[in-house]
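**Q** Sequence:
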Amino acid sequence: MEDAGSRLERLPVALVAGHSGSGKTTLIERLVPRLIAGGLRVAVVKHDAHGLNLDHPGKDSDRFFRAGAAVLAGGPGETFLRMPGTWDLEDAARRLLRSNDLVLVEGHKNTRGPLKIWLRGGGEDAPPPEAGDAVMCLDRNEPRVAIVHRFLLEWLARQWLRTPVRAGVLIGGKSSRMGSPKHLLRHGGKSWAARVAAAFAGHADSIVLLGAGDAPPELGECPRLPDVPGCAGPIAGMRAAMRWDPDASWIFAPCDMPLLTPETVAWMLARRKPGRWAVMPRQSRQEPAEPLFAWYDFRAAELMEKVLAPRELAGWSRSHTALIPGALGRALKNMNTPHDAEGLRGAQDGRNAPAAAAGGF
Numbered sequence: 121m122e123d124a125g126s127r128l129e130r131l132p133v134a135l136v137a138g139h140s141g142s143g144k145t146t147l148i149e150r151l152v153p154r155l156i157a158g159g160l161r162v163a164v165v166k167h168d169a170h171g172l173n174l175d176h177p178g179k180d181s182d183r184f185f186r187a188g189a190a191v192l193a194g195g196p197g198e199t200f201l202r203m204p205g206t207w208d209l210e211d212a213a214r215r216l217l218r219s220n221d222l223v224l225v226e227g228h229k230n231t232r233g234p235l236k237i238w239l240r241g242g243g244e245d246a247p248p249p250e251a252g253d254a255v256m257c258l259d260r261n262e263p264r265v266a267i268v269h270r271f272l273l274e275w276l277a278r279q280w281l282r283t284p285v286r287a288g289v290l291i292g293g294k295s296s297r298m299g300s301p302k303h304l305l306r307h308g309g310k311s312w313a314a315r316v317a318a319a320f321a322g323h324a325d326s327i328v329l330l331g332a333g334d335a336p337p338e339l340g341e342c343p344r345l346p347d348v349p350g351c352a353g354p355i356a357g358m359r360a361a362m363r364w365d366p367d368a369s370w371i372f373a374p375c376d377m378p379l380l381t382p383e384t385v386a387w388m389l390a391r392r393k394p395g396r397w398a399v400m401p402r403q404s405r406q407e408p409a410e411p412l413f414a415w416y417d418f419r420a421a422e423l424m425e426k427v428l429a430p431r432e433l434a435g436w437s438r439s440h441t442a443l444i445p446g447a448l449g450r451a452l453k454n455m456n457t458p459h460d461a462e463g464l465r466g467a468q469d470g471r472n473a474p475a476a477a478a479g480g481f
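Using my numbering, you'd call the opening residue of the sequence shown number 121 and step up by one each time.
By construction, these hints were calculated from the structure, which means they are not laboratory data. All of these numbers come straight from a predicted model, not from anything done at the bench. Every residue, glycine too, gets a C-beta built ideally from N, C-alpha and C. Treat the hints with care, as some may be off.
The calculated label-pair distances, taken between Cβ atoms and stated as ranges, are [claimed, not checked]: (1) Leu443 with Lys179: 32 to 38 Å; (2) Gly242 with Ala442: 27 to 33 Å; (3) Ala193 with Leu443: 42 to 48 Å.
As a list, the in silico DMTMM-like pairs of lysine to aspartate or glutamate whose alpha-carbon atoms are at most 20 Å apart [to be verified]: (4) Lys310 with Glu341; (5) Lys310 with Glu338; (6) Lys229 with Glu341; (7) Lys229 with Glu198.
All chains, full assembly: derive it from the sequences and hints.
**A** Structure, rendered in structure tokens:
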């Protein structure tokens, strides 16, 4: 079984360590505005071995806490949560990363696993033993903020891609417009659902079927998740996926995109970067973004639980929409009617179907 250090090593968690007076607080204080200006959300974990002094004896909030309650105190522009007990670093980091891109930790100099930056104080000639796993050791006379800022941006871009990617194929029951379950229709010797799954192969760590429809024979071994109860439409399957594996990012596609290609999936995933919690293609500047064939970071789960339909996610500040090249964009054609299906059957090759005259694609 993996230890906590190995698990932390994969997360966007960076330790700023050093002896007392080495400048840890000053460095973090100056780094945070730069990172935020670059579109990132940043959390800081402060480790104090001497105990916390955050409240005032006799204040209402302190009295509630000493009575045994977790206390949430809110004021203009800020909220303060004080809880009994302690979180270990991994637990704290995972909680904070639900709504932040990066966690900086002041202290934890003896913790193994996360990225560690060691700050030398005055009179330190050589790094101490606890700095042995540090990626850099910086003296006071070095431009620490610029060095660490540049390093963190490059490192965070790599860390972002270490999040597992799961693929979800959205299937359903009988389509009123098509007259039969779309995911079971066949083209090129495969069901539509299997064609979508094939486009994901090689780009996702696993493929999951989402929805209440019958699984096509080719995908009988795929994990299958039922829709979230009390929720209708594609959002029910998307929520189910993100609840099932809340630590993965997800790329979704509906089963009525049988022309989807691996190249289109690769184009989508290439647009992941720190600060983007969703990526959606747009066929033109006049058309809305496509929220069903889209990639969602695990940080999108909270908003996913609040919206009634996927289209509401397109206007989210953390969603990135990108114009998809025409050759790839044709793969996003939705097949909704018997006329669409007939045109697809008339095409000589699934990938060239958009160029076929029948059905306008």
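**Q** So, for every hint listed, does it hold in this structure?
**A** Right, here's what the structure says about each hint:
1. Leu443 with Lys179: 32 to 38 Å: 54 Å, violated
2. Gly242 with Ala442: 27 to 33 Å: Cβ of Gly242 to Cβ of Ala442: about 49 Å, so the range 27 to 33 Å is violated.
3. Ala193 with Leu443: 42 to 48 Å: 45 Å, holds
4. Lys310 with Glu341: Holds - the C-alpha atoms of Glu341 and Lys310 are around 15 Å apart, at most 20 Å.
5. Lys310 with Glu338: The given pair, whose Cα atoms are some 8 Å apart, holds under the 20 Å limit.
6. Lys229 with Glu341: Status violated; Cα separation ~46 Å.
7. Lys229 with Glu198: Roughly 29 Å separates the two Cα atoms, so the pair is violated.
Checked against the numbered hints given earlier, this structure breaks hints 1, 2, 6, 7; the rest are met.
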